[in-house]
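Peer 1: Residues per chain are reported as follows:
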Amino acid sequence: MARLGGKHELGSPLWRANVGDEVDAELAFHVEMRTRELIARGMDPPAARAAAVARFGDLAAVNAECRDIGTSTEREMRRTEYFAELAHDARFAVRQLVKTPLFTAVAVATLALGVGATTAIFSAVNAVVLRPFPFARPDELTFLFSSWHGADGGVSVGDFADWRKRSTSFANMAAIQFVGMTLSTGDSPERVSGAKVTASLFPTYGVAPELGRVFTEAEDQPGQAAVVVLGDALWRRSYAADSGVIGRTITVNGGPATVVGVMPATFDPTDSHEALWMPAAYTPERLAFHDEHYLTVVGRLKRGMTVAGAQNEMTAISRRMSDEYPATNSANSSHVVPLGGAVIGTYRARLFVLLGAVGCVLLIACVNVANLLLARGATRSTELAIRAAVGAGRSRIVRQLLTEGLVLALVSSVVGVALAWVGVRVLVAAAPANIPRLASTRIDAWVLLFALGISVLSSVLFGLVPAFKTARWNLESTLRAGGRQSTATPRDRVRSALVAAEVAIALTLLVAAGLLIRSAIYLNHLSPGFDPEGLLSARVALRPAEYKAQTEEAEQTFTRILEAVRAAPGVQTVALTSQAPMGPGGGSNGIVPEGKTPDIKNAVDSRLRVVTPGYLSMMRIAIVSGRDIEPSDIRGGLRVAVVSAALAKALWPGQDAIGKRFACCEGKPDDPRWKTVVGVAADVRSGGPTQEVRPEFYLPMTQIPAEAWSWVGRTMTVVARSGNGNGASLTPGIRAAVKTIDPSIPVYSVFTMDQSIARSMAEQRFHLMLLVTLSAVALLLAAAGIYSVISFVVALRTHEIGVRLALGASGRDVVRLLTRQGMRPVILGAAVGAVLSVWATRLLRGSVYGVQTSDPATIGAVIAVLLGVAALAILLPARRATRVDPTTALHG
Amino acid sequence: MPPTETKDRLHGTLDALVLKTLSWGPRHGYAIARWLEETSQKALQIEEGSLYPALYRMERKGWIEAEWGTSELGRKARFYKLTARGRRQLRTEASEWTEFARVVSSVLSSSQG
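Here the protein sequences line up with chains Y and H, keeping their order. Numbering follows this note's numbering, in which position 593 of the first sequence is assigned residue number 593; successive positions increment by one, without gaps. With positions in the second sequence counted from 1, the corresponding number in this note's numbering is that position plus 1000.
If we strip away everything but chain H, and leave its shape as in the complex, we get (with noise of 0.2 Å):
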């Protein structure tokens, strides 16, 4: 198990990219594993099985809503969809995260003088 401040941060990185992928559009959580999957090009090795609880954290604070449907295949799926709560904090979490690459990486290009 990496340390809590490690686990926090991928936490808050795993809402960050749950509510991204919300944003285009209500999805089942198997889409929104396999869209993480996809997109981070497999760089993101994150246990499917955390996904879930992630999800029912989210919708308890409101910042998703969950809704039964049906799944391309015909079959009940749970839909997850952005509130504008959630999208609000997808606005901080992504500044947040700029601002923290943009710190990180002057350090890191920074030459000694």
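Here chain Y stands alone, though its shape is the one from the complex (with noise of 0.2 Å):
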């Protein structure tokens, strides 16, 4: 028998047509041969025709069963081919990738820049405002702050009672009262923050403890046993993570109390780290007073409630109380604030600045990156053209070029996450320590999944453009200009276009970098109303076990610590305060002057500082008019009081503040005790250069009531100068001092006002430090954008730059045609970005101090230093293009 041959039709498309044809055709042809065999054996054709059907058996059938196993068959196939393909474009990719090996690493450090920073500030972003906070439903809970004159504040234990047992809309409210804590666990006593909490605190938030068990509401009464649940990071610090802490007994504040629990490390309410937890077992006339605001009170809604629906509630209650205790709630209102608002607060804002900064950056890369894509589309002109002339398709071409982009993006976005990795770590340790929840930043799953998206999307997406632009290119006139590219070709437009882009990005990071570091120099510059220099302060806290009753114990043992630290070496001068500025501590009072109805509507909420006497001058608080508190201002003698310049004119505009007398701080509203104002000192910045100045008054140590040494806490703050300049050197002089008086006395928070007024502006210098980093690398990203395409124009131009030479053209019209072109875009961004500046800024307004957002100053002083950045990123290539030989160019 005849070999059955014939031409065969590699890879013709009719192998790509319908598997069922192909069955149908196959088939058919089968009983036609056969068919055609038996007639040339002598039947006729229609017999022959019915003997070849009968032979094949079930047509029907054997057709199905064929186009079943092809079909899937052609479907494994596809995905073969595709793959093949793939792997073929990777791999093909790759070795372009390496061939140029200076392109691939400035495209890869550029995206990985990009990426490692987007993402290392969105892993911040998400850590702090995106990542739900670890209770039950966390939406549920909401603060409730006491507003007075449109100011949130503390709550009062009786108006906290009160709404707890009016309010309809809470399925349960805590209180939280932050309070400072001896511990005796060693021979040291060891201070730690801790929290006075209500027993609903735990139901309210629904977490369990980690041991142990939580305090019942039998035990949140007056007169009970102590009990306290610890946090786990009191637990293992101080306990050794030992589980049979559980009914030991610890000594707290110098009194006995029993170990109930241990909460997990994820439970801080208001993340605040307190140590430890205690009931607060409020006293029937505690829960009575609606004076003395230092309740932190939080509330789980009922299900299905909102926040509106519950403000609603507890602003008609807090009307209600305003009328039934008009002496302490006419001026109240009550604010209902959604824990993650309360908590996050400014954050979000902030973060969101920095997001979107990096976000600026990232986009500048890209930028960047598809500047040197369309410039390598350009060069691998003659390899596409010739690809496409060998048969290659267009749409196989774009892929290929999409591959490589997408190779790209792999191998940066996974250089841009080790970049992030390390990031989050700096970002961490150099971030003020009071950002809630940033220490808790991580690169998880959400986070890398951001950064290959944004890293494929980018280099896919700028990919796109050059593949689109190359695949258009008229083959023809390609390889007939040997590569060469016509000086006016729409990629120019596009190349310029992106070069504006990234300037104008540039310029708005820049400004608002400039108006940061504007800002910075001005709080820098700015008074705090005190001299700094070498001044030293600590805390010093007396055991409320040991001085409760004896008011007189109280302030003699401050007298003695006093006259102790006055002797200890390097104590130039020494004062105690119940407050220093940027410390802890201190209250605040509403201070109605003489001559006005004693109603809170008329008074003035002034920050408290009891004081020793010669603290303003020891501060060198400059005392406007009047004297400083003075020895002789005794118990018995005349009242007095200092008030700063700010409460003065608040209180009497206009007029001379001394002798003027006020009334505040003891007996009832109707018998106020006055005060007569001796002096008035300048403002001093207590919170801080960033914060506004408030109202302060200073009473002497030595006269104020028994009542006021609760308010403090018996705790007060030495501060001290030391003669050489330097507050650190007086450290051990002071414990040492205080130690003579009594050991079981912890001297804390011991740090330098230089220390305190950095840590005060810690935020706004790491926020600083951010934009300010983002920013220069924006400008650097810029500027080599802005080299790499006039360096690449002048590669493209070298034949037309030599015709220019060999026709007499100087060197300097090179450059000066070059930088002509070079700057168009680069002004035309400056334009647009100087708008949108004006414009983003404005998210900084409360960022900023000294300075409007749109300022022209540093706007301006941004486009100087821009434009000769960009002048000299076109300058380099353009004075190398100057040294082209007329000869080799016109030659190649």
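Since the hints were derived computationally from the structure, they do not count as laboratory data. Please note that the accuracy of each hint is not assured.
Distance condition first, Cα-Cα at most 20 Å in a straight line; then the derived SDA-like pairs of lysine to any residue [what the hints assert, rightly or not]:
#1 H:K1076 - Y:E76
#2 H:K1076 - Y:K196
#3 H:K1061 - Y:G254
#4 Y:K165 - Y:F143
#5 Y:K196 - Y:R79
#6 H:K1061 - Y:F83
#7 H:K1076 - Y:E37
#8 H:K1076 - Y:F29
#9 H:K1081 - H:A1101
#10 H:K1081 - Y:A25
#11 H:K1020 - H:L1073
#12 H:K1061 - Y:E76
#13 Y:K302 - Y:P203
#14 H:K1076 - Y:I745
#15 Y:K196 - Y:G254
#16 H:K1061 - Y:P203
#17 H:K1061 - Y:E32
#18 H:K1061 - Y:E22
#19 H:K1081 - Y:V19
#20 H:K1076 - Y:V19
#21 H:K1076 - Y:F143
#22 H:K1081 - H:W1024
#23 H:K1081 - Y:E76
#24 H:K1081 - Y:F83
#25 H:K1076 - Y:G20
Listed below are several chain H residues computed to face chain Y (Cβ distance under 10 Å; list not exhaustive) [to be verified]:
#26 E1059
#27 R1060
#28 S1071
#29 K1076
#30 A1077
#31 L1108
Here a beta-carbon is modelled for each residue, glycine too, at the ideal position from N, C-alpha and C.
Assembling the complex is the task here: the two chains are given apart, and the hints tell you how they should meet.
Peer 2: Right, dumping it as structure tokens:
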């Protein structure tokens, strides 16, 4: 039998035809061949056909079976083919990238920088803002504040009790009072921040203890034996994570307390990092007392209740309470704030500003890579044209270029994530400690997905532009031109637009950074109102158990401490205050000047400072008029006070405050104990340079009422000035001096005043550092982008430049020409950026001080810097162009 | 219908025979059917239709490849070609058959001892 052969059509399009048609045709062919054979043997055609069909068997069944198998074969082959092509493209892409190491390195570094920075900041935003709180149904949790003249503040015990009793919007409500506590575990007392809380705190948050139990409502009653629930950190630090600690009695504030439970590390109800919780155990008198606002109140909304609904109810309740308790509540209202808003607060805005800034950096990085890909597309035009000529379809070439982009993106995101990993560590280490939840920043699956997403999106998106441009190229003209480009192609316009875009973005970022720098300079030159040089502050706390009843003794002990410190080595001057600037402690009182009804509506909220004589002069706080607190201001004498300039202005505008009297701090509202103003002191920025000046008043320690010791927690701050300007050197002397008075008194929160000022501005500095770094990266990337574009243009136009030089143009003419062309998109971008920055920097309003957000001087300076850098980026490659040898250029 | 075991044996047999046919070069379905008919001296009576699912199955397994070509009469026909994997399969099947035949024939020719 003859060998059946025939011409094979490789890759015939028929192969891709419908499987069903193929099966039909194949089976028909068989039947027809058999019929012919039978006819050749002498059968008549209809009979032959019938016989052939009969011999074949069940034609329909065979057809169906073949279609079935054929379809799945087809599907599989397509898949195999697709992956084979992809693998081929990927291998090819890697080869291409390896072949041009400089391009690859620059592109990967650029993208990785963008991805790394964005990912690191996104991780932080994710940790602080986006990540849910580790509490059951956190969106039901709210904070409740007492508002006074529109400002949110703490809640009085009486108000809390009434709110809890009267409101129906909340499933549960709890109160927290933060107090410093002294733990006597070993030989030296340890000072920790603790909280006195209602038993309802734990069920409100819905968090169970990791060990033991939480305390009960019965234990949260006055007169009960003290119990304590430890935080995880304290349990690990001081009790070596020993589960046997449950049931043990420890000494808190000089009294015994039984440990009943340990809360998990994630339990930090208000992000205040308190170390332990004890029952608040309010007395019936306390529960009926509507003054002294020191509670933080948390409420869990009932299922389905909205914050607005709860607010409506609370507003109505507050209004009724204003009528019922006019003396204390007439000007009070209440404010319901979702937990997220209250804890995260302003960080949300700041972190989103940062995220926006890194987004800009990423955008510039993408623009640079797009530029690089465009340039690469141009230099590879000959290669691509040849590939098109030998039959590679347009979509095939686009796919190949996209694969290159993808490979680039993957490599960049790996490097970028590594950068982000380092970045997050640097970020957390450099950040001030008080940014909530930042320390738990992690690179998790979401963050990785985010990084990969932006990287792939950016390089594919920007890879597409050159891919389609390249694919559209006229094949014939490209080949004929020998790969050289004519001067003005549409791609030049794309490139110019990209340069303009990155200049605009970089300018916006630089303006933002410039504003923060100006603001930092302003803050650094701002007088704090006192002289921080050589000043050291340290907190000293007396234990309530021992000094509770004996007010006299507290006063005497502090006086002895003061004298002991005064004698310590190196101490030039010393005083005590209930609260040093930027330090903990203190409280505020509503002050009513004489002659006005002693009503809370007439009161000016003012910070109280209980001080020892000479405090103002030792702090070098200027005395505007009158005198300092003096040793002669003793109990039984004229009750004196020094007011700050701001308070004097608020109470007696336009008048001399000296000799005026005000009611404050003791006695009943209808029987005020008058204080006579003997001095007016200059304002002090007690909250740090970034905070507004608030009214303050100073009372001599030797004249304060007995209750005042519990307001200040029997805790004072020692402020001492060193003669040699180094405050830190005083620390051992002060510790030793206090020890000689009573070794059980803890000395803690020891800081030089310079440290305190730095700490109060740490957030600003952190913000500044990040934005300056980001804008520097942006500037660098923009300069690199401009440089690479001009270099590329010079390379493409070597021929033309050669002609110009040969025709007698001077090197300077060429430089001028290139600079003019190069600067055009830069100037356009700067103009757009200037407009953009005025709009964008509005987001910084809460973060800059002493400068308007649309500050023309800053914008002008930034434009000058940017144009200078751009000119440099253009001049370097342009000068290279003038060294072109005309003969080489023309031959090339 | 014969019992399943027999059917499987028949399937396997048919596969082996088709692979053998194609080991001499590519050919279309009808040619394979004709060759089977002639070389087996019509001893092997299979329904012609059952050849095609077998071919599609072997294509799916990657033993053979199909391409459209022009038959000797100038008609478009689907040509099957042995792949490297198919060639290996043929060797396996052939040695299995030889072994099977040897065992069976030794059993059949043995005398009671």
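Peer 1: Is H:K1076 close enough to Y:V19, meaning Cα to Cα at most 20 Å?
Peer 2: At roughly 15 Å apart (the allowed maximum being 20 Å), Y:V19 and H:K1076 satisfy the hint.
Peer 1: Hint check: H:K1081 vs Y:E76, CA-CA at most 20 Å. Holds or violated?
Peer 2: Since the Cα atoms of H:K1081 and Y:E76 sit roughly 19 Å apart, the hinted pair holds (cutoff 20 Å).
Peer 1: With 10 Å as the cut and Cβ atoms as the points, is H:L1108 at the interface with chain Y?
Peer 2: With a closest approach of 33 Å, the H:L1108 hint is violated.
Peer 1: Between the alpha carbons of Y:K165 and Y:F143, is the straight-line distance 20 Å or under?
Peer 2: holds (17 Å)
Peer 1: Does the alpha-carbon distance linking H:K1081 and H:A1101 stay inside the 20 Å limit?
Peer 2: violated (28 Å)
Peer 1: Do the alpha carbons of H:K1076 and Y:G20 lie within 20 Å of each other, as the hint requires?
Peer 2: holds (16 Å)
Peer 1: Just to be careful, I want the Cα atoms of H:K1081 and H:W1024 compared with a cutoff of 20 Å; is the pair within it?
Peer 2: holds (9 Å)
Peer 1: Regarding the pair H:K1076 and Y:I745, is the alpha-carbon distance no greater than 20 Å?
Peer 2: The hint is violated at about 105 Å.
Peer 1: Does H:K1076 pair with Y:E76 here, judged by a C-alpha cut-off of 20 Å?
Peer 2: violated (25 Å)
Peer 1: Regarding the pair H:K1020 and H:L1073, is the alpha-carbon distance no greater than 20 Å?
Peer 2: It is violated: about 24 Å lies between the C-alpha atoms, which goes past 20 Å.
Peer 1: Given the hinted pair Y:K302 and Y:P203, is their alpha-carbon gap at most 20 Å?
Peer 2: holds (13 Å)
Peer 1: Does H:K1076 meet its interface restraint, that is, does its C-beta lie within less than 10 Å of any C-beta in chain Y?
Peer 2: Holds, because the Cβ-Cβ distance from H:K1076 to chain Y comes to roughly 7 Å (cut-off 10 Å).
Consistency with the previously given hints fails for numbers 1, 2, 3, 5, 9, 11, 14, 16, 17, 21, 24, 31, ordered from lowest to highest.
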